[in-house]
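Undergrad: Residues per chain are reported as follows:
There are 2 protein chains.
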Amino acid sequence: MTRYNYINAKNWFSKPRVICGLMTGTSLDSIDSVLASFSVDIFGRHQFEIIEQHKSEIPDKIKNLIHKIIKSDSSISELSFVNSELSRLYSLSVHSILKTSNLLLSEVDAIGIHGQTVWHEPKKNDDNINQHLGHTLQLGSASYLANLLNIPVVGDFRAADIALGGQGAPLVPIFDYNFFLSKTEDIIMLNIGGMSNLTHIPANATEDDVIAFDTGPGNVLIDTFMQKYFNKPYDDLGFHARSGKIIPQLFEILKKNDFIHQSPPKSTGRELFNEDYISSLINWSGLEKFDYNDFVCTLSEFTAWSIAENIIKFTNPKGKLIVSGGGSQNLFIIDRLKAYLPKVELFLTDYFGIPYDAKEALCFAYLAWRTLGLLHGNIPTATGAMRRAILGVIALP
Amino acid sequence: MTRYNYINAKNWFSKPRVICGLMTGTSLDSIDSVLASFSVDIFGRHQFEIIEQHKSEIPDKIKNLIHKIIKSDSSISELSFVNSELSRLYSLSVHSILKTSNLLLSEVDAIGIHGQTVWHEPKKNDDNINQHLGHTLQLGSASYLANLLNIPVVGDFRAADIALGGQGAPLVPIFDYNFFLSKTEDIIMLNIGGMSNLTHIPANATEDDVIAFDTGPGNVLIDTFMQKYFNKPYDDLGFHARSGKIIPQLFEILKKNDFIHQSPPKSTGRELFNEDYISSLINWSGLEKFDYNDFVCTLSEFTAWSIAENIIKFTNPKGKLIVSGGGSQNLFIIDRLKAYLPKVELFLTDYFGIPYDAKEALCFAYLAWRTLGLLHGNIPTATGAMRRAILGVIALP
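First to last, the sequence lines map onto chains A and B. Going letter by letter, the first sequence gives residues 1 to 397 in the working numbering. Going letter by letter, the second sequence gives residues 1 to 397 in the working numbering.
Just chain A, same shape as in the assembly:
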């Protein structure tokens, strides 16, 4: 704390702070916001209390522009526009969540924004040449939002870790560690989003004992198939998977996927698990030979298996498995995880007061709170960074 002696972290932590966290994921389905209060208890432990949760639509015009940007198909003018326009949309989300919560803007201490990732290219593990640092780009301007709302905003959380040679991800482990560490049993926090990632917190762990990595696909394979062959966004409650049966030869091929067997640290994305990947597998299996539900069943089984396989191989498969993300609502996947992992006790984060679809926004509210209190936000054993860093940039209007 001596380094920034003009910034008084002690004062920041001296009372509960209300932070609004805003998350827009790669699926572009919504702007997720959470309003929460963070405080430090008399034992120095961090506490949170969720005040309100909210979802806003991203207008189609902006969604389309973001897709254009990601495909390198946009003009620089459009990219610059989206960078500011996202901040304007975030400001509307903040107004909405405040309205339902009956809080005033002046009662909010700060806002944390993840921003919209349009490129993420961390340093490769085999690339040790200093000139080839990684890079990442999230759109949504912290300064712009701070001035629209006249409230401090923290954003751009991933750049610091990448500059330090880390993957810039996952950033959730510091939240998981602070709020789910148990003295007596192992905890695995699993988020099933587009991809699946987990944080393993051994019983009584120090921060450096925490490991975290992507296990492979989350909903991405199932959703892609559902959208193409059923014209539905996802397999609601796992209904289609439960109506089908496993295609054994397809399941066996899927299980051979290299990524699943790689040792952590590892991270993946739509570069690997995408429509092309599914199409090639379906063509190989023969689409006409099976019921569409059989494909959903097999892809869902593979998704559950790949998560379980990673847990068995690379963590200690006992204690509590606590699941969040859209995939936690797929009953087929949850049932299969239970079957694959008989020794773990499975919960949803909802059981601990965190709605399954609010966890990421809550994490970025927490990270903003940490940054404003000058605490680091990354866990180097999880990201691979050379050291801890206070994440993000602070805009004070």
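Given that identical chains are not distinguished, each listed pair holds provided it fits within a single copy or across any two copies.
With a cut-off of at most 25 Å between alpha-carbon atoms, the simulated PhoX-like pairs for lysine-lysine come out as follows:
1. K61 - K124
2. K61 - K71
3. K256 - K289
4. K232 - K68
5. K245 - K232
6. K255 - K289
7. K266 - K318
8. K343 - K320
9. K266 - K313
10. K124 - K266
11. K232 - K55
12. K256 - K245
Note that these hints are calculated values from the structure, not bench results. All values derive from a computational prediction rather than experimental measurement.
Please build the complex by placing chain B on the supplied structure of chain A, with the hints as guidance.
TA: Coordinates of chain B only, in the frame set by chain A:
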């Protein structure tokens, strides 16, 4: 100061702070850096002392990528790369300036970066619809640089003012006001860069009495002609202009340019004064009929006239005229300004201890110092913003 009571501005201003300012302009000719110490004297006045000045080349590969980005010709991966790579180049500039200054990195309190503007589209004056806010985009990540060097970095200075409905420019006036205000005489600070802009500080002015605006072309017309017809980057010392004579019919047409006669606030750029503009005028005049030096002379005369005309029409043309920027080294322009403005006393900023090519980098060091002390950086009468704002984002590694 009560708002961010966990940030102690009093402490920040309690001793001199060493700040490194880094500027990369639209001409992409170099990374200009200045190392300076800022302090508050016993009367509460701000003081600066330049410790060192430095210029680094921007590698051709990066220059070309920036040109591609500006022309909407780059991939999103390239744009994301440049955003981080510029920070890496800035970190090398900081190491270089420290080496020549014999200061240690640990003796630097903070860095201020302007970043590389790749788009600047403020709200138009006639656009009062809230949905059409302006936007601006500077590449170069503050968080990335802060973590490469392990020093606080302030960046992204223009977004706040734009979010508040301002032009996001000029940001130099707060520097001019604090360091050049006179109790007894009017001061006009003139920077002749690619474009020319001025800050008018009436004698004994309050901050709200300050006006600032672009007068029109700086070196842009001359440089463009020199590069095309003489294969030289610029007219060194105004030699070519002094060897030529004015082409009266061309000068008369140039003087009719609308922008010159517009009332401030106004700002311009390469959208208006560019190669097409010159080509059309030359074609109209007939290139073969005149000596090339006559064109340089006429374009230089017009540049000086347009500055003087704006000073006469929109400010009080007496007191001191203090000139900086590359154009201040063009003796033809300086001579013509003296002739057009007989009642003003003309100086270069060098006379006041600021090298003509260091002023902008020094301004951004000053703006960073202000931001870290929670002082606003914009002057709403100059930018058109609806209120004062603490500019930029702060990255604390």
